[in-house]
Structure formats: structure tokens, C-alpha cells
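Please work from the sequences and hints to get the whole structure.
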Amino acid sequence: MTPRRRALIEFILDNLVWLMLIVVLIVFSLTVPRFFQFGIFANIFEQSTFVGVMAIGLAIVIISGNLDLSVESTAALSAMVTGLLFATQGIGMGITLGADWLLIPVSLAIALLVGTAIGLINGFLVIRVGMSAFIVTLASFIWVRGLVVAISGGRSAQSLPPAIRVIGIETVLGIPLLAWISVGCFVVFSVLMARTPFGRYVILVGGNPNATFRAGINNDRILWAGFAIAGCLAGLAGWLLAIRTSGATANLGTGMLFNAFAAVVIGGVSLKGGIGRLPGVYAGVLLLYSIHTAINLMGLPAHFTQMILGGLVLAAVLLDTLKLRLRERLL
Amino acid sequence: MTDAQPLLKLDGIARNFGAIEALRGIDMHVDRGEVLALLGDNGAGKSTLVKIIAGGLRPSAGRMLFDGAPRDFATPAEAKAAGIETVYQDLSLCTNADVVANFFMGREITRRVLGIPILQERAMEAVVAQAMAEAGTTIPSLRTNVENLSGGQRQAIELNRFVHWGGKLVLLDEPFAALGVEQTRRGLAMIRQVAARGIGVIVITHIMAQAFAVADRIVVIRQGRVAGDVKSNQTTPEAVIEMITGGTLSGAGPDRDRDTHDPASETEEARQ
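Listed in order, the protein sequences are those of chains E and R. Take 1 as the starting number for the first sequence in this note's numbering and just add one per residue. Take 1001 as the starting number for the second sequence in this note's numbering and just add one per residue.
By construction, these hints were calculated from the structure, which means they are not laboratory data. Do not take every clue at face value.
Just a few of them, taken from the derived set where beta-carbon distance is under 10 Å, the chain E residues facing chain R [unchecked claim]: (1) L204; (2) G207; (3) G216; (4) I217; (5) R327.
Glycine residues also receive a C-beta, built at the ideal position from the N, C-alpha and C atoms.
So this is what it looks like as C-alpha cells:
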């Protein structure tokens, strides 16, 4: 086999999920009525923002060889804190700062801090105490959601001030600002993962922590950073979600964890750690929401969505095994 | 070797574990560019000795001179910084990453763009390609993940990485335990190449044929002592087996071919 052909096959195998996305979009455009319009695509972009931002952090933790089941609850906590502090109705306290322009940076900073704090608690229990990441973050998934219910008393906060809501309303070049934010996050973190020593170390630590330890890389620092990033991005997702829904309810975001996991797996991240790229994860998120949208447009009952998505996750894992075998055979 | 001082010199190295004397005073040396095979039965003290040299254990008594200076390594990291390392076949490679990533692990070439360190993949690949070419190792693509490479190729990456980053003395613990015949042959050739570049090599092995195929000198440890220290071309497998099992010590010293002696074996003889 010539090196060029080999490189081409490698490239296709590495980017299979993008190919799938394109195929799915073409098929939907041809078969689903009213699918092929700019508004629909913009909508898919916008809808995928929240899970997309969350999936970045989840993917980084998984690539580093850990797991974070708590991202959904963390996002809900950030959303609730944002709503509680700044919303003007319901349980919202309607805090006003001196100037309106301060609202966005201050509320964002608080949301990111809340998320990062949860991430660091997870990190402490996994890395310092040495507990299993599965158990620690499963517990966080439960207690953080409990905290959301506790601080809200089960009630909701509504009506964020317009100065914050701009983020959820504004469009740039016809595409919602929210979508641009998720694209921006994917670009920044893809560069971080693919082009910096930090990203390289995340992959290496996920692959063989013994080797990186022997090479003098501080494994714990990488793992800490992974949990912190996952928490921080979950916080960002929660902040965006609060803005989009102009407030927060105690059950906000339930089901996001499954979508984020599905996107990460479909995007080619191995749950064993050490394997995966963020652009693939973004394609996974877009694929997921294209299917959501198509099901909505076809007027199928929503419960079919879950069956189809479940099947899709299985197919993705199967595809991964298939890819591995293809690679062995061809290369 | 023109350098009269040995690369590594052990002087009465002893180590106790409670009442058990694992090592009872080891005197030996390794020269630059020399391959030394360390043999001994199970429990003879080989592993303890190797750990002491590589910084994993501290001796209870004795002195270690490395590169002309007395050393006392508290951790493997200190030994590594000085240029001593144990090379394992798999433990030190990330098989999910490519050859370049493994070669540079922790020492990546970066350039700051807006204050952010950015990996310089081309520059790194060029360095690896050159290092591999100098060592005579051929790997189909430096961008393939290590999981797709054979055991021998993995070992080559590890050894070349070690040499490239300024290693001076390498310890190979049963390096060919998992390799096939052809891979072993290539591995032995690779060890000779590494030694030819002035690096000291200690090979710990059970297999007599390999010891004779690759080593300049054979040191036998028995019951925590040096039971024999001979040039491999001046002894026979039978004699070495006797040293290992504790039979008579005939042939255990450099008592043949006296004309071919070099200064190193001269001092060896003086000590015995």
C-alpha cells in the first residue's frame, strides 16, 4: 500500500463521524419535509450548544482515563445559582449591580466558579483520596442535584434581566450567538488538546500513567486539570442554559448527561481513556441533535427519540470495534 | 576505551533486609561502551543490585562511583537525571500515542504563540527521524501509534529515546523474555550499536546463549557476592554455569589468553 493511500484511509477512519454527519444531513434533507432550511440548521447548532459545551469537559476527563457523571447536575447547580441570584421573579433575588454591563461577567464568573468547585471536589476524592471516579462522580450526580433542589426549595427562578439575556437572543451572521459560543469553545479546546503539551499529556496519561510518571510528567496535575475543566465547562453550560430559559427550575437539564455521553462515544472517544479528539465529539453532538430535530419534524412521538439514540450509541461502539479491525487489516 | 576510569564502579555494596543479607559486598565495574551480562540464579541478589544501581533501593553499605563522582541515588528519578535508567519493554511507552509523542514524552519542543506553548510537530518528527536513522532502526511511520509496532520496535524506541536524551548507563532486565527468535537477534544487534556509541549496558538475563552473544564481560552473582567476573571470550558456558551453581571455580578468572589482556581485566585480576 502506498503511503498516500494509507494516509487517506487513516484520515477517513479518524473522521468517520463527520462523514456520518454529512450523510445523515443529506439523507434528512432529501427525505424529511421542511428539513432543508437555514433556520433548521441554525436551530440544530443552537440546540447542541449546552450538551456540546458539557461534552468537551466530559471528553477531556474520559481521555485522561477518568470519568465524570456529575456534569449534568453541576450544570443544573450553576444554572440555579445564576437564576437564584439574578432572576427577578419566583425565587430569584434580582440582585442588581451598579452597571448593567457588569451582569454578564459577574454572573458568568460565579457560574464558572460553582462548576469548577464541584470539579475540584470530584478531583480531590478521586486523586487525593483514591476513590473510584465512577462512584465519586455518581455520588456527585446525586448530591449536587439534591443541592439544587435544596437551595431552590423545589421552586423555580424566572426572568433574568435583559442585560444578561442578550447572550441568548442575539445572532451573528444569522446564527445564534449561543451556537458561536459552543463553536468557540470547541475551537479553543481542540487547539488545547491537539497542539499543546497539556493536551498531549492528557492523552499520554490516559494511555499509560506508569510511562508518563517515569518520564517525569506530573500525572496528578493533569488529572486535577481534567476534573476542573469538566466542572468549569459544565458551569458554563449551566449558565448558558439559564440564560436560554431565562431562569432555572429544580429539574433543569435532566437527561443531558446521557446526551453528552452519547455524543462523546459517537464522537470516537474511548471510555478506556487515551483515545479521542474534540472535533469528533462536536460532530457527535451535531449528529445527535440533527436526529432529534428530524424526529421532531417527522412528528414522531418523543419517546422514539430515546430508542433511536440508544441504538445510535450501540452502533457507535460497534463502529469503533469495526474501525479497529479495519485498521489492522488495511494498515 | 582510552578513558581509564570506569563509568560505574561499585565498591563493597551490601544490602540487608532485616537479618537477611541480600548483597554481601559487591565489587564490580562497567566501562563506557561495554556490554556486561549479569547472571545469577533466582535469589542470588541480581534484582537487588539492579535496583540499587537504578536508584530504587539504597545500599546498607558500600560506595558507588558513577562518571567519576560518588553517588547515592535516593530515587529512580535522581539516577535517571544522572544518566542511569532501566529500560523496560512496555512499561515506559504509551501505546495509544505515536512514536514521536513517545520519544519526546515530557520534553516536547514548543514555541510560544500568544504566550501559549504550541507543539512543534515537524521539528520533533525530524529529530526522531534522525535519531532513528543514526541508530539504524527502521520504523515504517513515525506517526503510527506504538500499539501497531512489534515488541522489538518498541524496545528500539525506548533504547533510542534513552540514548538521545543523554543516557550513559542502561540496565536491561530480561530484555528478550517476550521476543521471538528474529526479534531477539535484532535486539542483540541493537545493544551492540548502543554500546558502540559509548554507552555502558548491563543486561540481566537467564539465557546463557544471549549473554555470550552480546556481552563483552560476564559477571555472576551468587549468594550476594560476585562469584565470577570474566571476559566472555575467555570462558565457556559450562564454566559460567559452574559459577552460577557454585561448582568449582575453574575458568572463573581471566586465566586464558593472557596476551590479549587490556587494562580493565588487569585491574579485575588484581582484585581477585
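Tested hints:
Residue-level restraint check for L204/E holds (minimum Cβ-Cβ distance to chain R is 5 Å; threshold 10 Å). Because the closest C-beta pair between G207/E and chain R is about 4 Å apart, less than 10 Å, the hint holds. Restraint check, G216/E versus chain R: the minimum CB separation of about 5 Å is within 10 Å; hint holds. About 5 Å separates the beta-carbon of I217/E from the nearest beta-carbon of chain R, less than 10 Å, and the hint is met.
Interface hint at R327/E: satisfied, since its Cβ lies 8 Å from the closest Cβ of chain R, which is below the 10 Å cut-off.
Consistency note: the structure conflicts with none of the earlier hints.
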